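Enquirer: Given the coordinates of chain A, work out where chains B and C should sit on it, guided by the hints.
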Amino acid sequence: MSDISLGTSVAGIPEAAPRQPPALTTGPVAWVRANLFSSWLNTALTLVLAYFIVRYAIGFVDWAFVNAIWSVPNNQTQACRALKASATPGACWAVVTEKHRFILFGTYPYEEHWRPALVCVLFTALYIVSGMRRFWRKELALVWIATLVVIGILMWGGILGLSYVPQERWGGLPITLILATFGLAFAFPLSILVALGRRSSMPAVRVLCVAYVELIRGVPLISLLFMASVMFPLFLPEGINIDKLLRAQVAITLFAGAYLAEVVRGGLQALPKGQYEAADALGLSYWYKTGFIILPQALRLVIPPLVNTFIGFFKDTSLVLIIGIFDLLTAGKTAVVEPAWQGFGVEVYLAISVIYFCYCFAMSRYSQNLEAELNRHRGR
Amino acid sequence: MSMQPLRRVMSGLKGGLLGALAVTVVGALPAAAQAPAAGSAATLDAIKARGTLVCGVNTGLAGFAQPNSQGVWQGFDVEYCRAIAAAIFNDPNKVRYVPTTAQSRFTALQSGEIDLLARNTTWTLSRDTSLGLDFTGVNFFDGQGFMVKTSTGVKTAKELNGATICVQPGTTTEQNLTDWARANNVQFTPVVIERLEELVGAYAAGRCDAYTTDVSGLAATRSSQPNPAEHTILPDVISKEPLGPLVRHGDQRYADLVRWVHYALVASEELGITQANVAQMAANDTRPEVQRMLGKNGGLGQMLGVSNEWVVNVIKATGNYGEIFARHLQPIGIQRGPNALWTTPGGQQYAMPFR
Amino acid sequence: MSQTSTDPRHFRAPPKRQLRLSWADERVRAIVWQVVIVGIVAGVIWWLVRNTQHNLEVRRIATGFGFLQREAGLPIGEHLIEYTPASTYFRALSVGVLNTLKVALIGIVLATILGTLVGIARLSKNWLLAKIAAVYVEVIRDIPLLLQLLFWYTMLQGLPAPRQAMNPVTGVFLSNRGLRLPFLDWQVAHSWALLAFVAGLFGTWLTARALRRKQMADGKPRPLWPAALGLIIGLPLVVWLAGGAPTAVDWPALRGFNFQGGFTISPEYFALLIGLTTYTAGFIAEIVRAGILSVSQGQWEAAQALGLRPGVVLRQVVLPQALRVIVPPMTSQYLNLTKNSSLAVAIGYQDIVSIANTTLNQTGQAIEGIAIIMAVYLTISLSISFSMNWYNNRIALVER
Chain A
3 MSDISLGTSV AGIPEAAPRQ PPALTTGPVA WVRANLFSSW LNTALTLVLA YFIVRYAIGF
63 VDWAFVNAIW SVPNNQTQAC RALKASATPG ACWAVVTEKH RFILFGTYPY EEHWRPALVC
123 VLFTALYIVS GMRRFWRKEL ALVWIATLVV IGILMWGGIL GLSYVPQERW GGLPITLILA
183 TFGLAFAFPL SILVALGRRS SMPAVRVLCV AYVELIRGVP LISLLFMASV MFPLFLPEGI
243 NIDKLLRAQV AITLFAGAYL AEVVRGGLQA LPKGQYEAAD ALGLSYWYKT GFIILPQALR
303 LVIPPLVNTF IGFFKDTSLV LIIGIFDLLT AGKTAVVEPA WQGFGVEVYL AISVIYFCYC
363 FAMSRYSQNL EAELNRHRGR
Chain B
23 MSMQPLRRVM SGLKGGLLGA LAVTVVGALP AAAQAPAAGS AATLDAIKAR GTLVCGVNTG
83 LAGFAQPNSQ GVWQGFDVEY CRAIAAAIFN DPNKVRYVPT TAQSRFTALQ SGEIDLLARN
143 TTWTLSRDTS LGLDFTGVNF FDGQGFMVKT STGVKTAKEL NGATICVQPG TTTEQNLTDW
203 ARANNVQFTP VVIERLEELV GAYAAGRCDA YTTDVSGLAA TRSSQPNPAE HTILPDVISK
263 EPLGPLVRHG DQRYADLVRW VHYALVASEE LGITQANVAQ MAANDTRPEV QRMLGKNGGL
323 GQMLGVSNEW VVNVIKATGN YGEIFARHLQ PIGIQRGPNA LWTTPGGQQY AMPFR
Chain C
36 MSQTSTDPRH FRAPPKRQLR LSWADERVRA IVWQVVIVGI VAGVIWWLVR NTQHNLEVRR
96 IATGFGFLQR EAGLPIGEHL IEYTPASTYF RALSVGVLNT LKVALIGIVL ATILGTLVGI
156 ARLSKNWLLA KIAAVYVEVI RDIPLLLQLL FWYTMLQGLP APRQAMNPVT GVFLSNRGLR
216 LPFLDWQVAH SWALLAFVAG LFGTWLTARA LRRKQMADGK PRPLWPAALG LIIGLPLVVW
276 LAGGAPTAVD WPALRGFNFQ GGFTISPEYF ALLIGLTTYT AGFIAEIVRA GILSVSQGQW
336 EAAQALGLRP GVVLRQVVLP QALRVIVPPM TSQYLNLTKN SSLAVAIGYQ DIVSIANTTL
396 NQTGQAIEGI AIIMAVYLTI SLSISFSMNW YNNRIALVER
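Protein chains in written order, with the numbering used here: chain A, 3 to 382; chain B, 23 to 377; chain C, 36 to 435.
Don't read these hints as lab results, they were simulated from the structure. On a predicted model such as this, the values are computed, not experimentally measured, just so you know. There are no misleading hints in this set.
Only pairs whose alpha carbons sit at most 20 Å apart, straight line, appear in this in silico EDC-like list of lysine to aspartate or glutamate: (1) A/Lys86 x A/Asp64; (2) A/Lys86 x B/Glu220; (3) B/Lys116 x A/Glu113; (4) A/Lys86 x B/Glu252; (5) B/Lys70 x B/Asp113; (6) B/Lys318 x B/Glu292; (7) C/Lys374 x A/Glu264; (8) B/Lys318 x B/Glu331; (9) B/Lys116 x A/Glu114; (10) C/Lys374 x A/Glu216.
Bound conformation, chain A alone (with noise of 0.2 Å):
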């Protein structure tokens, strides 16, 4: 039996202090407490960044969408004028609206812009076709051949009904498109024989793809396009000449296959040697075990950085400008050369840094996904 009393007991305990419940872990408050007010560091860091944010956003909301002028009547750009200069300045873009169809399409025949934009939007459904891996089987080559062919004949015209169209006159998105992925096209086989051939144990071989890959991943691309431009008529012989997008497109192919040839060669190291091994045990010939055994291997491994690499392609060929071919870039500076329209480069630069920024950004985005998921096997 206890003598001790439960009252007393009870009595000679202090009553607890009433407590907090413990800090919620989910739920919005929780987050915005965890990710943004967690110090008081943490807490003047997101003061400060929000008040940037907001002023800065509703100064170009203020420019680029209340203030704007949309469109005028006529090349009538007095009003975007007195907008420019009044205390309340807007964005003008009535100068895209007025020259969106030569920026997108340059001096292509005014008449025929449905072939070029048709163009654009095959172009985009074959990388979109070949991003997606339930279409990659041989089919997919058949798509290619007859999505290139059909975009020569939409271009080109001259049969079909379609009227020719020189290739002095295309011009914006379709040249940047057409520059990048015939780059690519070609650069790629190239690539594979440049790292191959880095790799070989034939000396004049590893010598020459040294050569090759270190020289023009020493120079900058400009270089390689005024070489393209003033030099290829040089080295051809008296009479025979071709023409400038072609020499262009030569160039950045030659450079986009030094750049390929290392992310190649990056993946031929990768791969285990007990591959190189296993093939040479079954007395597989050299091309037989390229072939068939390392390079399937080896591609899968540098598909991203690929993807990559294609990107900075089509960013690079902006540099086109330099040597006055009409790609995107140049048609939306040759837009802001008429006199009404001159002192409107940004609205036309934010214009096309836009379309740049979604097939790059896609594409990064897609380069993102794909590395994730091929490297999903490692995980286990």
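Expert: Chains B and C only, in chain A's frame:
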């Protein structure tokens, strides 16, 4: 690990390459086929066989050559391309325009990529002799000048000591500027930008105190500014800039045609032949020179290797020199000045006799 | 033929085989292949050279580098060495090379700093900061650099004219003519002090090495700062005082058309530097982020468990490991930045490409002009590669 998807990737890539190859081979054929013989005596035949004239123009210079919102090339130099196409084909639209930059222009003509360079190029001795090219005449007399903001209060070029001057590199303009500055002991800071629109933008934004180029270019720039009165073109002209179309050296027959198309434009203005009345004049005018020019008699066209009605075709397509000038250059504020006909005071445009 | 089969380690006692003149012998095949390939390449090159010679003759284009000694007559706005239009083409091209180096070196330093900050910001616990950094990286990487440069240049031209220049601090003026800063009126004493400063840095480095060696010997840490202070600050100060302690400062002042005096950063240079820095920083940020993420959490925890202070953890444990992942891709970013500086030609900064371009335009010597551009960039690229490889080898994991 299954190899199936890998094979698919491989074959997909392979197929893509094959397709690309096919398209490019198809594409390269016309490109190679259209190559005329550089420097040979058959340029005119090559142009006729091809069915189009390939004309090198500026990448974009208001008034001289610039594509409009529909992508159609327009301007003073472009009219010369159209006129020559009209003389050869009786169709001014059989022209392909190749935009050329300051560096690529001569190579493009030398290599045969273009048949004609109509791109405000100054006729100088070294260019005439060392490039393997020929100037066919002067279709625009120009001179280098300066433009400043009126608010600076500068009245003559010599007051520009210490100024920042915008100039396009790789042109005679740049060399003239340094020659002039050294001769007159003027110190200046150059801002050199290759692309014209960039350069004009820099001047307009106040990056430079003065902008120097040919006076015609200055006038064009001035008129395109929101408020032209804010800009003053200084009276000093520091150089002679005779501009004209170029052809390859060594094909005199073709060079003759280009030269005489220019004279035909000028002579038509002298004789009052215009786009509107050319058909009627060809039928009714009894003046012997008009009859010779418009192909009634004399067989002048055949001597040049084109049809005898070539001048009618040209004028129908483009109008005479004065009309071209009025259409493209006067709206941007360029006055006739030295480019008026020789019959007016100060005018220098002079056509050789059509006989 | 194949790589591995000729690897000597794969043969136990490599039998000395007779070279048979047969297609079945892979060494014969290799020799034949090499002869064929080299023959084709040499043939193509010979063909191109012959065409070129013929074309140059027909077009009467002079060849050779004799033009380098001729008077250039081209105006150059920014030059680190003395230059007038009366100088030779060689001098003009040298100015161009120095201008390229000026923008590339400073760009590399700034891009590294900015990129590292953004990379760390992306890993910040503050959601807003991390998101801003992420958006920055994504946007800047997906828009062509040329477009960004044109954009920056257009923006800088929107600054006020010299007469209305912004004047944030006394003597500092920001206008559409660029940034003007006050600068020392340069005397001989300053040059000597600068030399002493460099010598001081070198001396400090030697001292640090000696101290570390001593620490290795007896385990006692010794402070470096007294020696560093004396050598880096004290020595130049003494030299400067001995040189007469010149203190004259060249203040920029508005005279005539523009500010005179002081030190100028031109809008062209500024636009190029901002463009290159922000663009490359976007890529560097991703490299830094990947480098930091590559160091496993366990390393942090283990270091903290040893009682090391956070600064020491970062400096001695995490950074050395992250650098191994960071340095190789960083090298190619530095190379990219240098090569991208050639886009200066589009916005009128007179780097080597711009000046060589004008030169080949004036002299008509295209081949020489382009050869010069390529040679300059190859030299710079190889130098950066070599120095970064040297650094990489130093920090690389020494596997035992």
